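Work out the full structure: start from the sequences and follow the hints.
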Amino acid sequence: MKSQRQRMIIVALFTCLLVIVANAEHLFQKVATSYYTMNADFIAYPDDKMTIFAREDYADVAAQLITLREQVQQQTQTLLPVEEEHELTVLLLDERDERYAQYLQHNTIGIYFPALNTMMIDSTNKKTVTHTFVHEYAHYLVDQQLEPLIIDEEALPDWFHEGVANYIEFRILNALPFTFSRFEALPYADLWHQTYENAHSIYHQGFYTIARLVHEHGDTIIGDIMRETNETRVFQRGFAYATNANLQRFHEQFIYKQEVVDTLFSTVRTKPEQAQQYLTVQQQKNNLLNQYSDDYLFAQIALAVKAHDDAKINTLLQDYAYLLDRPSIYLRLAELLIWYDESLAQTLLAEGKEVSDMTERPSYEAQMTTLLEQKHHHVLP
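Heads up: the sequence shown begins at 1 in full-length UniProt numbering, then just goes up one per residue.
Don't read these hints as lab results, they were simulated from the structure.
Note that the structure is a prediction, hence the values are computed from the model and not measured.
Just so you know, not all the hints are guaranteed correct.
What the hints assert, rightly or not - Below 27 Å or equal to it, Euclidean Cα-Cα: the simulated DSSO-like pairs (lysine-lysine) are: (1) LYS353 to LYS312; (2) LYS306 to LYS375; (3) LYS375 to LYS353; (4) LYS49 to LYS127; (5) LYS353 to LYS127; (6) LYS312 to LYS375; (7) LYS353 to LYS126; (8) LYS49 to LYS126.
Printed below as a string of structure tokens:
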């Protein structure tokens, strides 16, 4: 009898433990949320699908994020049939909050906890908050799509997750978050699997891969790949069924297309008389990443400079305005244009200074000064 009672106690304790574990994450979220609800320094900004907790001096940012939420949902809906089943908690934190040091201080500007339906964003730099929110909210929406598919998050490689989030960010904010990083940087042996020595490769390559897939197959390709992966349980097979292409072959073609852009840019510099013919041939073969490549823009502007085509230069700058979100882009454009139209180059340099943040500005101003001195002293860059 005693032995039976002991077994019953053990079973009861084990059952309680399972219940505690099963509800621990939910309880953690409630505790975290209640902390900010009761914290007088934070104000709750509720929306029908999420609640933002932020200090009063971030009220304008919170209002902007609430407006952005619906846009992100609409853009994601064009790629995936998502349903927002859970209410999201968004915490805008800076160095005044203890959780900032715990989660965000070390090179992390945002993080989303799927099991907790909670997002933490570094609000120290107001310029980056909108980008980070769009990116992390896209992760949240994709996570909602994984639930009805009964697909393990790890079945999809990291570059796919980050690529979709970055692509949605691009479509919402009309700005590329990164310069292009060539595909050779990815270790090919593990077929773009889960982890890489250089974590930034996941973001860089993922964005351009997703952008290329959508360009070639249409918006529905992302959902198709996820559904086929769910059916086959293997990402490579799901990719092949959805795209009718081998992942290895797709990878090789992408490298080749980027090499075409590299060749075009170098040809403009060394053999400008041959560059236009090369450009035309590669356009006909659809071998150019013309929608997204910095180098493609620079090559076209260089050709327009050679042809003294002012209208073409202005049209290109307008058409590729979405690239003009990084100081390095303005410096490279000014370098191309300063010998042709110094006034335009000066305008671009001034705009580049405006988009640089406080940490980038000293370096940017030094490079800008060097470029102008080269021009005034007739030193070719």
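*Quickly compare the C-alpha distance for LYS353 and LYS312 to 27 Å and report which way the hint goes.*
Roughly 25 Å separates the two Cα atoms, so the pair holds.
_Would the hint linking LYS353 and LYS126 be met if the CA-CA limit is 27 Å?_
holds (17 Å)
*Assess, step by step, whether the Cα of LYS375 is no farther than 27 Å from the Cα of LYS353, and give holds or violated.*
holds (19 Å)
*27 Å Cα cutoff - pair LYS312, LYS375*: holds (23 Å)
*Do the alpha carbons of LYS49 and LYS126 lie within 27 Å of each other, as the hint requires?*
holds (23 Å)
*Keeping to a limit of 27 Å between CA atoms, is the pair of LYS353 and LYS127 held or broken?*
Holds: LYS353 and LYS127 sit about 15 Å apart, inside 27 Å.
_Satisfaction of hint between LYS375 and LYS306, Cα-Cα up to 27 Å_ = holds (18 Å)
*Starting from LYS49, check that the Cα of LYS127 is at most 27 Å away, please.*
holds (24 Å)
Every hint from the earlier list agrees with this structure, and none is contradicted.
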